[in-house]
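Trainee: Chain residues, written in single-letter form:
Protein chains: 2
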Amino acid sequence: MSAQATATEHHPVTPTSSAPPRPLAEGGLRVVALGGIGEVGRNMTVFEYEGRLLIVDCGVLFPEDDQPGVDLILPDFGAIEDRLDDIDALVLTHGHEDHIGAVPFLLRLRPDLPVVGSKFTLALLAAKCREHRLNPELIEVAEGQRSTHGSFDLEFFAVNHSIPDALAVAIRTPAGVVLHTGDIKLDQLPLDSRLTDLAGFSRLGDEGVDLFLVDSTNAEVPGFVTPEREIGPVLDRVIGKATQRVIVACFASHVHRVQQVLEVAEAHGRKVCFVGRSMVRNMGIAAELGMLNVPDGLLVDLDQALEMPEEEVAFVSTGSQGEPLSALSRMARGEHKQIGIRAGDTVVLASSLIPGNETAVFGVVNGLVRLGAQVVHQGHAKVHVSGHASAGELLYLYNAVRPSNVMPVHGEWRHLRANAELARLTGVPADRVVIAEDGVVVDMVDGIASIAGRVEVGHVYVDGLSVGDVGESTLSDRLVLGEGGFISITVAVDVTNGRAVSPPTISGRGFSDDPKALDDVVPLVEMELARTEAEGMTDTHRIAQSVRRVVGRWVAEKYRRRPMIVPNVLPVGS
Amino acid sequence: MSAQATATEHHPVTPTSSAPPRPLAEGGLRVVALGGIGEVGRNMTVFEYEGRLLIVDCGVLFPEDDQPGVDLILPDFGAIEDRLDDIDALVLTHGHEDHIGAVPFLLRLRPDLPVVGSKFTLALLAAKCREHRLNPELIEVAEGQRSTHGSFDLEFFAVNHSIPDALAVAIRTPAGVVLHTGDIKLDQLPLDSRLTDLAGFSRLGDEGVDLFLVDSTNAEVPGFVTPEREIGPVLDRVIGKATQRVIVACFASHVHRVQQVLEVAEAHGRKVCFVGRSMVRNMGIAAELGMLNVPDGLLVDLDQALEMPEEEVAFVSTGSQGEPLSALSRMARGEHKQIGIRAGDTVVLASSLIPGNETAVFGVVNGLVRLGAQVVHQGHAKVHVSGHASAGELLYLYNAVRPSNVMPVHGEWRHLRANAELARLTGVPADRVVIAEDGVVVDMVDGIASIAGRVEVGHVYVDGLSVGDVGESTLSDRLVLGEGGFISITVAVDVTNGRAVSPPTISGRGFSDDPKALDDVVPLVEMELARTEAEGMTDTHRIAQSVRRVVGRWVAEKYRRRPMIVPNVLPVGS
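These protein sequence lines are chains U and H, in that order. Just so we're aligned: 116 in the working numbering is position 116 of the first sequence, and the numbers increase by one with no gaps anywhere. Just so we're aligned: 543 in the working numbering is position 543 of the second sequence, and the numbers increase by one with no gaps anywhere.
Keep in mind the hints are simulated off the structure, nothing from the lab. Nothing here was measured: the structure is a model prediction, and the numbers come from that model. Accuracy of the hints is not assured; some may be wrong.
It does not matter which identical chain is meant; a pair holds if it fits inside one copy or across any two.
[Said to hold, decoys possible] With a straight-line Cα cutoff of 20 angstroms, these simulated EDC-like cross-link-like pairs (lysine to aspartate or glutamate) come out:
1) K516 to E472
2) K271 to E526
3) K558 to D71
4) K241 to E155
5) K558 to E131
6) K271 to D446
7) K558 to D520
8) K558 to D65
9) K382 to D85
10) K241 to E421
11) K558 to D514
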């Protein structure tokens, strides 16, 4: 880097236009994220070479406060829905929901899509697909293997993450070599001895990596993630000291975390009981595949556990994010039918605190503490470590791979920008670091990656059984209703003369607890109806608008509130 | 402490019953928090001696996600509303909203209530009262002073906090000596050299403190808060490096933080422009009272600032909590009319991240980063320190005061419990540490504090201009509406024969973007109306219930959603 470098020269390439993409140059490779860049979740990246497509991951995003009532958010398949038959394969890097959760929805569009992944990843996907009554073609791969799907020659590398059997994938096409980390960290003492294959990355770096897509989640965090195995001794101290009930909550896919709980529980003479559907299911799969080592006779089911003395069992439970319906939340509210928390019980939240869940999680903590439990969480004890590489580890990655072009993925803007800066510090020229976001089209042509335009990428919401019928207009109505409720005014009008044939019925929901709150507006509505009748207005839509205006003005002045005003003018007598 | 102490013996006294309080014993002192214990905010504690009352603080609480549409939450005055004339004084420990925000609402009930506080606290209160058109009796006090109000003999102590001129208050009655810290920390190098008066606390401890009410906010945090003055050099490095626009966001009452920004700005040749109504107002008050030292000519208004070269001005702004309507949020969305963020601009969030605001604050950060700004926040730079004592400082307090009884205040359960444990570690017997929550009645009789019952304390919501008419039933409706919207079915029925005189009108809001989403249910409703007519049902309420049941069942089966079902059966022809 030149000492004269100015601040401006340091800025990586970022999307500035919303123009549709220019055509992909012959021999070039196109990369478009349909989710996962500019946000944390619904990771899905589409690679295109010579008209053929390869997809890496297909996950879900969990909704924020401004997306009320939404269960899941899917990547927007719009950009590929006309080209489903061009897809050579879907590659899954690992089995977390934000990487595999949307696969069933993609399979509904193209049931014969080959899905490539590691043994554990595919086992989790298969369980999910059975629930959706889907039976896709699954192609199992492992680290060190190569496989070819149409134009794409893939090589897989072992990656350490907070779930077993994660992979990074190298994608070779005549346009160059791409390496996608998936989610990654570099624990140098992993519990299963399965290291992130930095040696393999280095070898690939020797060959030359043209484009490197890198997990940005923890790029803002300096230093290195503590090894997972340091959690075991902390759990040992906490559980060893406990004289009553012990409950450990963690993610249902964190096999290594659960492995440590099993070992500590056994050491202290406690049986283990899994609580929560996904915990029971995933640990069953992990045990079956030999990824969770369960000593004979250690596990008991809930009925058995409840029969045993409290100090002889440890519960391993879901609910670590404060999910209101989870067993742990019900315990915290004193509403769990079978498990009542008593003073002196121990609860460990061996989990991260996902941003946005703070209120819910601390609500659970306060409920448990109020009942007298000792609650151990990452705020004051080392009972959780992240699954994502911190800045120090990312530097190792960049220095091993020595990429020509870099594209930070998996993160919000602040994470992407921090990751870009790390790439730059290791010597990647600033103009070869491309910060994209969902829908931004990045073309790699003649070894140079650059932004070629943008395709439209929206939010696709799942609410109950439907996909896509809940959109921004419905959400915007929900936000208004959730803030202020509504006032409805119902009146039947004779459309031959515009006369109201019933007194108007005015009622509110979510507006006030006061039964007289709307009394004052009744005469105003009646006056307005008399006025519209006198004017000879018979159009029910126009009458409704007049009524809405009167009620809206009244409520703004009297209450300074903005409930939704819902006039129902019923035509009769026509 | 005995080595034989068991876990159970360590439990402090906590509220177990919801029984109404037993009568206060003669010569005893009663303490009841109407807000602020078991939650962070709306601090208000009532002391009673021989039938007379003293109130310390009267603040507001900001709503959570499950309190949609609510602007503010007040302490529940219900327990004292019949006894307003028994109140001898209201003492304010400092000028933060969670300590003074509800004063106007209490003054509406008792306009002649004497309000006691320090100069800056009363100045902020007076500005607030002017907005509410109230003109209360203000009694100014300062550290080292004593004042008597009815049965209560008060002494004030200087306290360091994140606002100037904070006080702790000792309350002497024949029942004993009480010390209430208010919000407190023990910065040993405060910017204004006004130390927390640990020497005074020690002298009071020599005299004997019977009951000690202690700020719990940071009791879970080990160690000591970094001195405020260490932020100056960090700001100096950040602002000194900036070559374009600089915006510093912080709390509008944090005079010492702003003081440091002023000094750094001046050192780097920048004028300062205050942005945000409360920032302009509060800094005006602070400057007028000599608590903010503003060099001549340093301040410019927004119009002047916008005329100046970007590198010659620094903006000091509100909006540090991601408030969506704030200037900073509008800049982050690119919607601010006058200030457009460009690549290379610098934004400093010199503020805490209040739990619950994470999504909003990081939304602002991402927006600014996306526009190319460098955003400096406490996540990666020392640009904020807390205003509340960490565990290490609290130990100093306990060891200085050596109280007979302790009552942790200002905090959620996890904070209260941690604070109780600190008291115990310094030698306060576990059964003399009383963990209460809002409404729990603590009586101190013969030098021993214990729980005497509970008065009902609810949430009092302010929504727009009204206080109290929005209650749990309205909020519960808002939550349902916000999650799923509603489906309304409107039909006019001839009450003489039960016949529908119009086809039913069925429409949804917040339910679906699909205009045909409800088409399938229309024939089901028509069938049901035919059925109720055939049954001879003419009661509109019962017809409405039948229709609700049919639509509710249909939507649960077809969509697996739970919108509110709102039937309007209009009686005509009667």
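Trainee: If a hint holds in the structure, say so; if it does not, say that too.
Mentor: Here is how each hint holds up against the structure:
no. : hint         : in the structure
1   : K516 to E472 : between (34 angstroms within a copy, 17 angstroms between copies)
2   : K271 to E526 : neither (71 angstroms within a copy, 58 angstroms between copies)
3   : K558 to D71  : between (37 angstroms within a copy, 16 angstroms between copies)
4   : K241 to E155 : neither (47 angstroms within a copy, 45 angstroms between copies)
5   : K558 to E131 : between (52 angstroms within a copy, 18 angstroms between copies)
6   : K271 to D446 : neither (60 angstroms within a copy, 50 angstroms between copies)
7   : K558 to D520 : within (10 angstroms within a copy, 40 angstroms between copies)
8   : K558 to D65  : neither (29 angstroms within a copy, 25 angstroms between copies)
9   : K382 to D85  : neither (48 angstroms within a copy, 53 angstroms between copies)
10  : K241 to E421 : between (45 angstroms within a copy, 17 angstroms between copies)
11  : K558 to D514 : within (14 angstroms within a copy, 35 angstroms between copies)
Checked against the numbered hints given earlier, this structure breaks hints 2, 4, 6, 8 and 9; the rest are met.
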